[in-house]
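Could you build all of it, start to finish, from the sequences and the hints given here?
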Amino acid sequence: MTLGVVTVAMAMMWFLTTWTLRRSFDDVGRAVILDDLGEYGELYTQGGVDAVSRLFFAGGHDEHNQILRLIDPTGEIRIDVLIPEQPEIQWPDLDLTWPNQETKIDWIRTRLSGGVKLTVGRRQLPDGAQIWFGRTNQSDLAAIDGVHRLILFAMLITALLSIGPILWFAARVLRPVHAFMKSAEDLAREGSLLQRLETSDAIPELQQFSSSFNASLDRVQTLTEELEAANDQLAHELRTPLARIRGNIERILKAPDAASGKNHAVHAIEEIERATELIQRILSIRAGDSGVMKLQRQTLSVSDLVRTTFELYSASAEEDSLDFQLHLPSQDHLASIDRQRLQQALCNLLDNAFAYTPPGGRVDLSLTFHQDMAEIRVRDTGPGLKEEDLQRIWRRFMRGTAASAETPGIGLGLSLVRAVLKAHQGEADARNHPEGGAEFWIRFPYLNQP
Amino acid sequence: MKVLIVEDDTELGRQVLDELSNAGHEAQLEITGTSGLEAALRGNWEVAVLDVTLPELSGFEIVKAMREEKIDTPVIFLTAKSDVSDRIRGLSLGGDDYLTKPFSMDELMARLLALSRRYSQVHDSGPALPRGWRLEPLLREVVIDGEAVALQPREWSLLRFFLDHENEVLTNSFLLDRVWDIQFDPGTNVVNSTLCRLRKKLDQPGAPSHFETLRGRGHVFRRHD
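Protein sequence lines correspond, in order, to chains A and B. Under our numbering, residues 106 to 555 are what the first sequence spells out, in order. Under our numbering, residues 84 to 308 are what the second sequence spells out, in order.
To be clear, the hints were calculated from the coordinates, so they are not data collected in a lab. Any given hint could be a false lead.
What the hints assert, rightly or not - Label-pair restraints from in silico Cβ distances:
1. B/Gln266 to A/Leu347: 23 to 29 Å
2. B/Val226 to A/Pro361: 43 to 49 Å
3. B/Lys147 to A/Asn319: 49 to 55 Å
4. B/Gly107 to A/Pro361: 29 to 35 Å
5. B/Lys284 to A/Arg324: 53 to 59 Å
6. A/Lys399 to B/Arg282: 36 to 42 Å
7. B/Gln266 to A/Asp291: 35 to 41 Å
8. A/Arg324 to B/Lys153: 50 to 56 Å
9. B/Arg214 to A/Glu355: 41 to 47 Å
10. B/Arg214 to A/Ser419: 29 to 35 Å
Note that the structure is a prediction, hence the values are computed from the model and not measured. All residues carry an ideal CB built from backbone N, CA and C; glycine is no exception.
What follows is the structure in structure tokens.
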């Protein structure tokens with residue numbers, strides 16, 4: 106395509122240059138003839154045939170492209186100079202008598218072989234004599250050839266200079282773009298998320314584009330895998346309570362007395378509540394992940410939030426024989442938060458700490474205000490987290506390896522915590538405390554006003 | 084209590100209808116939005132139970148039309164969406180209430196009674212107390228046969244709530260919502276442990292407990308008079 110345009114442009118330049126040059130040379134040629142006719146005419150009037158002949162031969166005429174003829178008033182040819190080296194250049198076959206009465210110059214053009222043109226001008230002098238002066242355009246053609254050679258040379262240089270960039274463009278831009286298109290088509294057709302754009306020799310911009318594109322494919326793949334895993338897990342998690350509910354109801358039907366029937370009904374209802382909570386959490390996490398979790402923000406004391414949550418759990422701590430401690434800073438601050446959501450997040454952290462800390466252990470709940478973030482930490486003296494679990498536990502349905510079948514929870518708690526904190530422009534993370542046990546913390550902005 | 088139920092799931096509608104009829108209330112079930120609105124505009128209901136997603140007309144639209152007709156019957160919405168939308172929360176601020184499916188019939192009953200009581204405003208003389216009890220609200224004390232028992236703030240709120248809902252089955256989630264202002268299920272059984280402390284402080288040795296726990300259902304306060 107590009108090459109075609111360049112070729113057409115160059116051809117046009119070639120023909121336009123040629124045409125313009127030819128026209129200019131023709132004009133110059135006519136001017137020369139006109140000039141010489143005037144000059145020789147004047148000489149003849151003053152000095153006769155000899156003067157004309159003297160001047161013509163004194164001129165030398167190295168160009169070998171001029172011919173001259175002088176016809177006296179009686180019609181006799183007195184001077185007739187042709188070009189000896191080019192015998193083919195002859196006067197056109199014209200009547201020697203002046204064709205018309207007027208004294209204007211008569212122009213005759215003849216085409217010779219090899220594209221050469223002979224232009225003859227003839228003029229009648231006052232005494233009835235005639236001067237014929239002819240000129241061929243051989244030197245003009247040579248000059249045009251020279252220009253052509255220059256143009257050709259320039260074009261060659263241009264082509265040589267541009268072929269590099271064109272090849273570079275083709276290799277670094279066009280080929281990668283074609284590869285992109287093919288990958289995209291494969292992706293659309295096969296639906297395989299394993300396809301990646303390969304552009305190691307593309308320009309940096311395209312490399313950047315392809316790495317972003319690949320990164321988003323990676324993310325799509327991860328999400329899809331996670332979604333598939335989540336679906337499997339969800340089906341499993343819902344099947345389990347459904348099976349248990351069914352079992353309980355069957356036992357109600359077979360129950361020998363009302364009391365044992367009631368017992369099974371209670372179990373069935375508990376299972377239903379667990380399944381309901383599961384669905385609720387999944388929906389909340391999805392809303393948080395996709396950034397559409399709606400917060401019912403209120404301006405609240407952060408210490409109050411932490412203290413209220415502490416009070417919620419102090420009875421459980423007593424039952425589980427845990428040493429549960431609250432650490433509040435002396436100075437309190439307000440924060441614009443969704444109390445329900447944030448308290449739920451905190452409850453999740455405490456649920457985990459209580460579930461994984463053996464009786465006699467200790468759980469610490471502490472609040473600290475940093476520069477612009479409030480930080481709530483939950484530290485336990487449980488088994489802590491394995492290195493590989495530190496990130497995994499935040500993903501949906503992932504439970505730490507310390508989780509056993511008896512440990513309550515379905516692995517949704519921590520991803521809900523992250524979703525809630527994300528909606529609050531905050532963060533949630535965990536580490537193993539150097540002195541043992543796991544430490545979880547959440548951070549969110551507070552209103553830092555004096 | 085005269086209750087209008089608008090629910091397109093006939094099985095669930097029938098269950099609610101039975102529950103209310105068995106408890107001696109007058110109830111009517113409508114299964115489309117239009118018929119529900121007609122019934123709402125025609126009848127003199129004390130409280131209405133509306134499903135949010137209904138054929139023809141949504142629960143929201145029914146309430147809107149009712150309010151335009153100056154009918155201020157309190158409404159309790161039933162919604163299948165666990166993540167309760169702002170709209171429902173907003174409506175619940177205006178004196179109405181909501182429940183997410185699946186729900187406990189006991190909780191629906193307790194909430195309906197609370198709504199209808201708020202509507203009829205028969206609640207000015209203070210709750211009925213067991214014999215020998217006297218309340219000291221400023222001190223948060225219950226005086227039993229002349230002996231003052233001091234309560235923690237949360238214990239006090241829980242007791243007051245039970246007194247206001249005598250003989251009604253109150254589910255854990257309803258109590259968490261109304262006494263602790265928590266609308267999710269925390270892993271801790273704070274209701275039971277607070278109730279345990281109330282029993283220790285208020286029940287008399289040898290006498291039956293005022294706070295009865297029905298496994299799988301909830302808790303009931305009884306005066307035993």
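Those earlier numbered hints the structure runs against, lowest number first | Violated: hint 7 alone.
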